[in-house]
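Undergrad: These are the residues of each chain, in order.
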Amino acid sequence: MHSICSQATAVPRSNFAFDSHAPALPISKPINLRFCGLRKEAFGFSGLTHSCSSRVRFTSRGHSKRISASAENNGTPPKSFDYDLIIIGAGVGGHGAALHAVEKGLKTAIIEGDVVGGTCVNRGCVPSKALLAVSGKMRELQSEHHMKALGLQVSAAGYDRQGVADHANNLASKIRSNLTNSMKALGVDILTGFGTVVGPQKVKYGKVGFPDNIVTAKDIIIATGSVPFVPKGIEVDGKTVITSDHALKLESVPDWIAIVGSGYIGLEFSDVYTALGSEVTFIEALDQLMPGFDPEIGKLAQRVLINPRKIDYHTGVFATKITPAKDGKPVTIELIDAKTKEPKDTLEVDAALIATGRAPFTNGLGLENINVETQRGFVPVDERMQVIDANGNLVPHLYCIGDANGKMMLAHAASAQGISVVEQVTGRDHVLNHLSIPAACFTHPEISMVGLTEPQAREKAEKEGFEVSVAKTSFKANTKALAENEGEGLAKLIYRPDNGEILGVHIFGLHAADLIHEASNAIALGTRIQDIKFAVHAHPTLSEVLDELFKSAKVKATTSSHVPVSEPVAV
Amino acid sequence: MAHILQTSFLPSTSTLRRSPISASKARSHSLRVKAKIREIFMPALSSTMTEGKIVSWMKSEGDKLSKGESVVVVESDKADMDVESFHEGFLAAIMVEEGGVAPVGSAIALLAETEDEIAEAKAKSQSSSGISSAQVVEQKPKQKEESEQAVPAVAPTVSSTKTVALGSAVHPASEGGKRIVASPYAKKLAKELKVDLGTVVGTGPLGRIVAKDVEAAAAAAASVVAAALPASPAIAAPVAYGIELGTVVPFTTMQGAVSRNMVESLSVPTFRVGYTITTNALDALYKKIKSKGVTMTALLAKATALALVQHPVVNSCCRDGNSFTYNSSINIAVAVAIDGGLITPVLQDADKVDIYTLSRKWKELVDKARAKQLQPHEYNTGTFTLSNLGMFGVDRFDAILPPGTGAIMAVGASQPAVVASKDGRIGMKNQMQVNVTADHRVIYGADLASFLQTLAKIIEDPKDLTL
Numbered sequence: 000m001h002s003i004c005s006q007a008t009a010v011p012r013s014n015f016a017f018d019s020h021a022p023a024l025p026i027s028k029p030i031n032l033r034f035c036g037l038r039k040e041a042f043g044f045s046g047l048t049h050s051c052s053s054r055v056r057f058t059s060r061g062h063s064k065r066i067s068a069s070a071e072n073n074g075t076p077p078k079s080f081d082y083d084l085i086i087i088g089a090g091v092g093g094h095g096a097a098l099h100a101v102e103k104g105l106k107t108a109i110i111e112g113d114v115v116g117g118t119c120v121n122r123g124c125v126p127s128k129a130l131l132a133v134s135g136k137m138r139e140l141q142s143e144h145h146m147k148a149l150g151l152q153v154s155a156a157g158y159d160r161q162g163v164a165d166h167a168n169n170l171a172s173k174i175r176s177n178l179t180n181s182m183k184a185l186g187v188d189i190l191t192g193f194g195t196v197v198g199p200q201k202v203k204y205g206k207v208g209f210p211d212n213i214v215t216a217k218d219i220i221i222a223t224g225s226v227p228f229v230p231k232g233i234e235v236d237g238k239t240v241i242t243s244d245h246a247l248k249l250e251s252v253p254d255w256i257a258i259v260g261s262g263y264i265g266l267e268f269s270d271v272y273t274a275l276g277s278e279v280t281f282i283e284a285l286d287q288l289m290p291g292f293d294p295e296i297g298k299l300a301q302r303v304l305i306n307p308r309k310i311d312y313h314t315g316v317f318a319t320k321i322t323p324a325k326d327g328k329p330v331t332i333e334l335i336d337a338k339t340k341e342p343k344d345t346l347e348v349d350a351a352l353i354a355t356g357r358a359p360f361t362n363g364l365g366l367e368n369i370n371v372e373t374q375r376g377f378v379p380v381d382e383r384m385q386v387i388d389a390n391g392n393l394v395p396h397l398y399c400i401g402d403a404n405g406k407m408m409l410a411h412a413a414s415a416q417g418i419s420v421v422e423q424v425t426g427r428d429h430v431l432n433h434l435s436i437p438a439a440c441f442t443h444p445e446i447s448m449v450g451l452t453e454p455q456a457r458e459k460a461e462k463e464g465f466e467v468s469v470a471k472t473s474f475k476a477n478t479k480a481l482a483e484n485e486g487e488g489l490a491k492l493i494y495r496p497d498n499g500e501i502l503g504v505h506i507f508g509l510h511a512a513d514l515i516h517e518a519s520n521a522i523a524l525g526t527r528i529q530d531i532k533f534a535v536h537a538h539p540t541l542s543e544v545l546d547e548l549f550k551s552a553k554v555k556a557t558t559s560s561h562v563p564v565s566e567p568v569a570v
Numbered sequence: 000m001a002h003i004l005q006t007s008f009l010p011s012t013s014t015l016r017r018s019p020i021s022a023s024k025a026r027s028h029s030l031r032v033k034a035k036i037r038e039i040f041m042p043a044l045s046s047t048m049t050e051g052k053i054v055s056w057m058k059s060e061g062d063k064l065s066k067g068e069s070v071v072v073v074e075s076d077k078a079d080m081d082v083e084s085f086h087e088g089f090l091a092a093i094m095v096e097e098g099g100v101a102p103v104g105s106a107i108a109l110l111a112e113t114e115d116e117i118a119e120a121k122a123k124s125q126s127s128s129g130i131s132s133a134q135v136v137e138q139k140p141k142q143k144e145e146s147e148q149a150v151p152a153v154a155p156t157v158s159s160t161k162t163v164a165l166g167s168a169v170h171p172a173s174e175g176g177k178r179i180v181a182s183p184y185a186k187k188l189a190k191e192l193k194v195d196l197g198t199v200v201g202t203g204p205l206g207r208i209v210a211k212d213v214e215a216a217a218a219a220a221a222s223v224v225a226a227a228l229p230a231s232p233a234i235a236a237p238v239a240y241g242i243e244l245g246t247v248v249p250f251t252t253m254q255g256a257v258s259r260n261m262v263e264s265l266s267v268p269t270f271r272v273g274y275t276i277t278t279n280a281l282d283a284l285y286k287k288i289k290s291k292g293v294t295m296t297a298l299l300a301k302a303t304a305l306a307l308v309q310h311p312v313v314n315s316c317c318r319d320g321n322s323f324t325y326n327s328s329i330n331i332a333v334a335v336a337i338d339g340g341l342i343t344p345v346l347q348d349a350d351k352v353d354i355y356t357l358s359r360k361w362k363e364l365v366d367k368a369r370a371k372q373l374q375p376h377e378y379n380t381g382t383f384t385l386s387n388l389g390m391f392g393v394d395r396f397d398a399i400l401p402p403g404t405g406a407i408m409a410v411g412a413s414q415p416a417v418v419a420s421k422d423g424r425i426g427m428k429n430q431m432q433v434n435v436t437a438d439h440r441v442i443y444g445a446d447l448a449s450f451l452q453t454l455a456k457i458i459e460d461p462k463d464l465t466l
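Protein chains in written order, with numbering that gives the first Met the number 0: chain A, 0 to 570; chain B, 0 to 466.
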């Protein structure tokens with residue numbers, strides 16, 4: 000599942016001056032333990048042996064009997080606990096943490112006020128992948144030139160909007176029930192209601208109109224996720240001015256839709272809408288489109304994903320006011336210059352999609368009860384995801400993972416953080432290396448990345464005094480890509496020529512999202528280029544793009560140090 | 000990347016001065032000596048590259064370039080790469096247009112050091128054309144460009160008259176026409192087809208300019224060009240279908256679509272009801288208003304639409320096998336044979352639109368159909384289909400119901416017939432046979448019978464048609 004759930008929850012990299020916390024790649028952060036937090040999960044099958052014992056199991060930390068907590072001892076930690084671990088929020092992050100906790104023998108409960116699966120499964124990466132699968136096929140069928148080159152004849156491809164929408168909805172339901180079943184099968188208690196922290200190691204939950212239940216746990220993980228961020232001045236009506244939540248239901252395919260923000264979410268939706276026949280106008284606050292991506296990849300992506308499609312764009316502008324369509328009037332968008340704040344233009348379109356990033360969903364969590372102040376909604380945490388209170392002290396036994404802490408707003412990052420926390424509370428110190436977490440944008444072709452962008456790497460190199468080199472390979476030279484007639488694409492490796500460390504890999508091309516893991520695993524495990532370049536790849540496969548990339552890097556490490564190494568070039 | 004590119008730019012030491020004569024003159028001005036016009040060469044982006052294709056120029060002629068700035072995107076045998084400028088200056092002349100191919104090392108553009116020299120460099124690029132090796136590959140795009148340029152030369156006159164005629168269609172939010180509201184694709188197309196959006200009248204939602212408006216404007220301009228040419232090759236003798244006997248020819252896209260529809264139609268339980276209609280009154284009406292551009296097809300469509308108003312079930316269809324879909328508008332599709340196939344342009348809201356507008360609309364649709372420029376909504380939104388083979392002298396035939404609709408009417412020729420009337424007299428009347436094929440899941444025999452009765456009444460007393 001992690002691999003399905005890559006993005007859509009991501010984004011704050013993009014628009015609206017909202018992104019000061021953005022690329023969660025703290026360059027100066029010490030990179031600890033080379034440990035890959037991601038693991039393949041089994042939906043409720045493997046690990047059953049653990050779960051059987053976990054219900055009656057007492058942890059080594061010695062609370063040998065369990066009494067239910069009483070309400071009057073608010074403020075003081077209870078002496079014994081209902082659970083070893085309570086997770087607030089059953090999204091992908093909470094789910095990952097819960098499964099790992101069971102594996103580690105913890106008695107675990109998860110509190111969910113909405114539906115299991117959170118944003119990713121219900122309103123994010125999962126349904127969007129269904130829509131993108133459709134858009135990819137439509138694109139292929141509509142590309143007469145492409146079909147002809149393969150010797151195929153296809154006549155006018157069409158689609159049924161409701162059928163496409165149903166596919167997305169069915170996929171979300173299926174994944175949601177898989178997720179729910181996997182937790183139930185392992186013996187995770189799913190508690191229904193909105194969770195609130197009422198004191199140290201104490202949480203209440205309940206539905207509106209019902210009495211609250213109070214439960215205690217030795218450790219608590221906040222994993223409440225995020226909601227679409229809508230800048231002020233924008234009126235969302237859910238019909239003509241929409242967020243990704245509405246767009247994923249695909250209730251309409253407008254003739255002309257403006258997409259505010261050109262990050263992952265905006266880009267993916269532009270792929271869907273243009274494949275289904277809409278025309279798209281991007282509105283981006285920064286000076287160029289796709290600001291979160293490596294500049295070179297961004298440039299190429301613009302050439303392939305934007306320029307030849309029915310898309311135009313306004314950059315360096317804020318949408319200050321967006322009014323939904325009504326009384327026969329179109330959606331109006333007022334634009335001002337991002338720098339001078341002068342009014343610049345007014346657009347009239349059929350619909351507007353607000354894809355300006357995501358805001359943490361942390362209201363009502365009761366953080367004031369334990370003296371924690373959110374920062375623009377985000378829960379402050381240290382590198383071990385432990386919550387920091389208003390005085391800068393760590394709050395014992397309280398952790399926050401995923402979009403709610405804003406470190407890296409990706410579903411699989413949340414899951415990895417959750418696993419990392421479980422490792423810590425079960426006695427093994429662990430710090431997740433965020434630079435090893437890949438990200439992907441599922442356009443056609445896809446974009447993927449891990450680690451630093453070239454400018455970030457150069458900045459870090461200057462600060463720390465090492466050399467940076469860049470190697471590139473093209474999909475045009477790859478047999479499999481050419482067989483598919485999809486030679487458009489580039490893979491880029493940013494590395495240290497002195498020791499062969501991989502600093503970042505960026506891929507734009509066919510199946511880039513699947514190809515990135517060789518690089519992300521190498522970063523997570525600390526594999527150096529001089530070693531990985533001897534690994535063998537099946538021929539002919541797309542993975543040879545990376546093979547060639549590693550081979551084209553010029554690393555001094557194993558050779559004698561005075562051999563001059565020139566700037567590597569793409570060959 | 001700059002490093003590779005620099006090497007390719009090194010040959011630019013062979014800077015062009017001007018033609019020998021002007022150069023000797025220039026020598027007297029010390030200031031001028033500094034000025035240079037450099038050539039930008041097709042770089043070698045890989046060791047195996049022998050020629051490169053220009054993907055796109057990122058700068059236009061006259062743009063200022065700073066050192067290291069990307070000028071052009073070149074596609075080699077392996078990758079697309081940005082080519083950066085190694086010098087500062089102005090992009091004076093582009094010698095190989097986008098899409099053109101040039102051998103490695105040949106000049107693809109000229110870079111002038113100062114703004115004053117742009118014109119000179121341009122002259123240079125033109126005079127040197129024909130000698131340069133890049134020129135051979137350059138010719139193709141150039142020709143294309145010339146023919147494209149011929150279009151806008153005439154366009155303004157055509158479209159400006161159009162603007163006057165349809166001035167009311169200005170986008171309400173465009174502040175009296177000051178602002179142009181055009182969809183992203185319309186803007187792109189306008190740039191490609193070199194159509195001035197200011198002269199295009201929008202027909203999209205709220206008067207927005209959409210892609211088809213731009214295409215129409217470009218087509219209109221092109222047709223004027225064609226008409227202006229004496230002895231236009233377009234009037235070539237109509238060649239009989241060049242069919243090679245003994246070959247198997249795969250369906251075209253359109254024929255494939257027809258084939259699929261025909262097979263699909265077999266899944267619908269259809270039945271047929273015929274009727275003979277006297278057309279003397281209709282023929283008289285047609286004679287009277289023919290001069291106003293009214294066609295028989297439009298009259299028949301109008302009559303059918305008016306009859307459908309009274310029989311909504313005949314305008315319905317069955318989408319899922321479980322329900323009636325009552326269509327909100329009456330859109331009469333009329334089958335038209337075109338080169339290599341069949342298409343059904345649609346007269347939308349035929350019951351509401353007056354006969355003169357309907358006739359004009361019909362003419363426009365037929366022209367578009369012949370030019371294969373019909374938009375999907377212009378051929379797939381029909382709710383009832385007419386098929387008329389009367390012009391061939393066919394007196395009766397049977398039509399296949401197009402999937403997704405409820406009924407189709409086959410119209411035969413109107414022919415004089417000897418008719419016995421009820422009062423025992425014998426007379427001559429013009430009679431036409433119609434035969435309706437319908438989906439019996441939603442339309443029953445009695446429905447069709449009463450519909451045909453209404454239709455006959457309308458045609459036999461056609462005064463309502465011109466209302």
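Some clues are possibly wrong.
Straight-line alpha carbon distances no greater than 25 Å define the calculated PhoX-like cross-link-like pairs of lysine-lysine that follow [to be verified]:
no. : chain 1 : residue 1 : chain 2 : residue 2
1   : A       : K479      : A       : K532
2   : A       : K147      : B       : K371
3   : B       : K371      : A       : K298
4   : B       : K371      : A       : K343
5   : B       : K52       : B       : K190
6   : B       : K211      : A       : K298
7   : B       : K52       : A       : K471
8   : A       : K320      : B       : K186
9   : B       : K421      : A       : K343
10  : B       : K186      : A       : K328
11  : A       : K338      : A       : K320
12  : B       : K186      : B       : K211
13  : A       : K338      : A       : K231
14  : B       : K211      : B       : K52
15  : A       : K298      : B       : K66
Each pair of labels, with its calculated beta carbon distance range [what the hints assert, rightly or not]:
no. : chain 1 : residue 1 : chain 2 : residue 2 : range
16  : A       : K136      : B       : D460      : 21 to 31 Å
17  : A       : V535      : B       : K193      : 33 to 43 Å
18  : B       : H86       : A       : N390      : 52 to 62 Å
19  : B       : A416      : A       : Q152      : 23 to 33 Å
20  : A       : I335      : B       : Q309      : 50 to 60 Å
21  : B       : Y325      : A       : G315      : 16 to 26 Å
22  : B       : G273      : A       : K147      : 38 to 48 Å
23  : A       : H166      : B       : N279      : 38 to 48 Å
24  : B       : H86       : A       : T478      : 49 to 59 Å
25  : B       : P402      : A       : V535      : 26 to 36 Å
26  : B       : A336      : A       : K147      : 25 to 35 Å
27  : B       : S290      : A       : K136      : 47 to 57 Å
To be clear, the hints were calculated from the coordinates, so they are not data collected in a lab. This one's a predicted model, so the numbers in the text were calculated from it and none came from an experiment. We put the beta carbon where it would ideally sit given N, CA and C, even for glycine.
Undergrad: Please go over all the hints and tell whether each is borne out by the structure.
TA: Right, here's what the structure says about each hint:
| no. | hint | result |
| --- | --- | --- |
| 1 | K479/A / K532/A | 20 Å, holds |
| 2 | K147/A / K371/B | 20 Å, holds |
| 3 | K371/B / K298/A | 36 Å, violated |
| 4 | K371/B / K343/A | 40 Å, violated |
| 5 | K52/B / K190/B | 21 Å, holds |
| 6 | K211/B / K298/A | 30 Å, violated |
| 7 | K52/B / K471/A | 20 Å, holds |
| 8 | K320/A / K186/B | 24 Å, holds |
| 9 | K421/B / K343/A | 78 Å, violated |
| 10 | K186/B / K328/A | 22 Å, holds |
| 11 | K338/A / K320/A | 17 Å, holds |
| 12 | K186/B / K211/B | 11 Å, holds |
| 13 | K338/A / K231/A | 18 Å, holds |
| 14 | K211/B / K52/B | 31 Å, violated |
| 15 | K298/A / K66/B | 19 Å, holds |
| 16 | K136/A / D460/B: 21 to 31 Å | 54 Å, violated |
| 17 | V535/A / K193/B: 33 to 43 Å | 54 Å, violated |
| 18 | H86/B / N390/A: 52 to 62 Å | 59 Å, holds |
| 19 | A416/B / Q152/A: 23 to 33 Å | 48 Å, violated |
| 20 | I335/A / Q309/B: 50 to 60 Å | 56 Å, holds |
| 21 | Y325/B / G315/A: 16 to 26 Å | 51 Å, violated |
| 22 | G273/B / K147/A: 38 to 48 Å | 45 Å, holds |
| 23 | H166/A / N279/B: 38 to 48 Å | 58 Å, violated |
| 24 | H86/B / T478/A: 49 to 59 Å | 39 Å, violated |
| 25 | P402/B / V535/A: 26 to 36 Å | 54 Å, violated |
| 26 | A336/B / K147/A: 25 to 35 Å | 27 Å, holds |
| 27 | S290/B / K136/A: 47 to 57 Å | 53 Å, holds |
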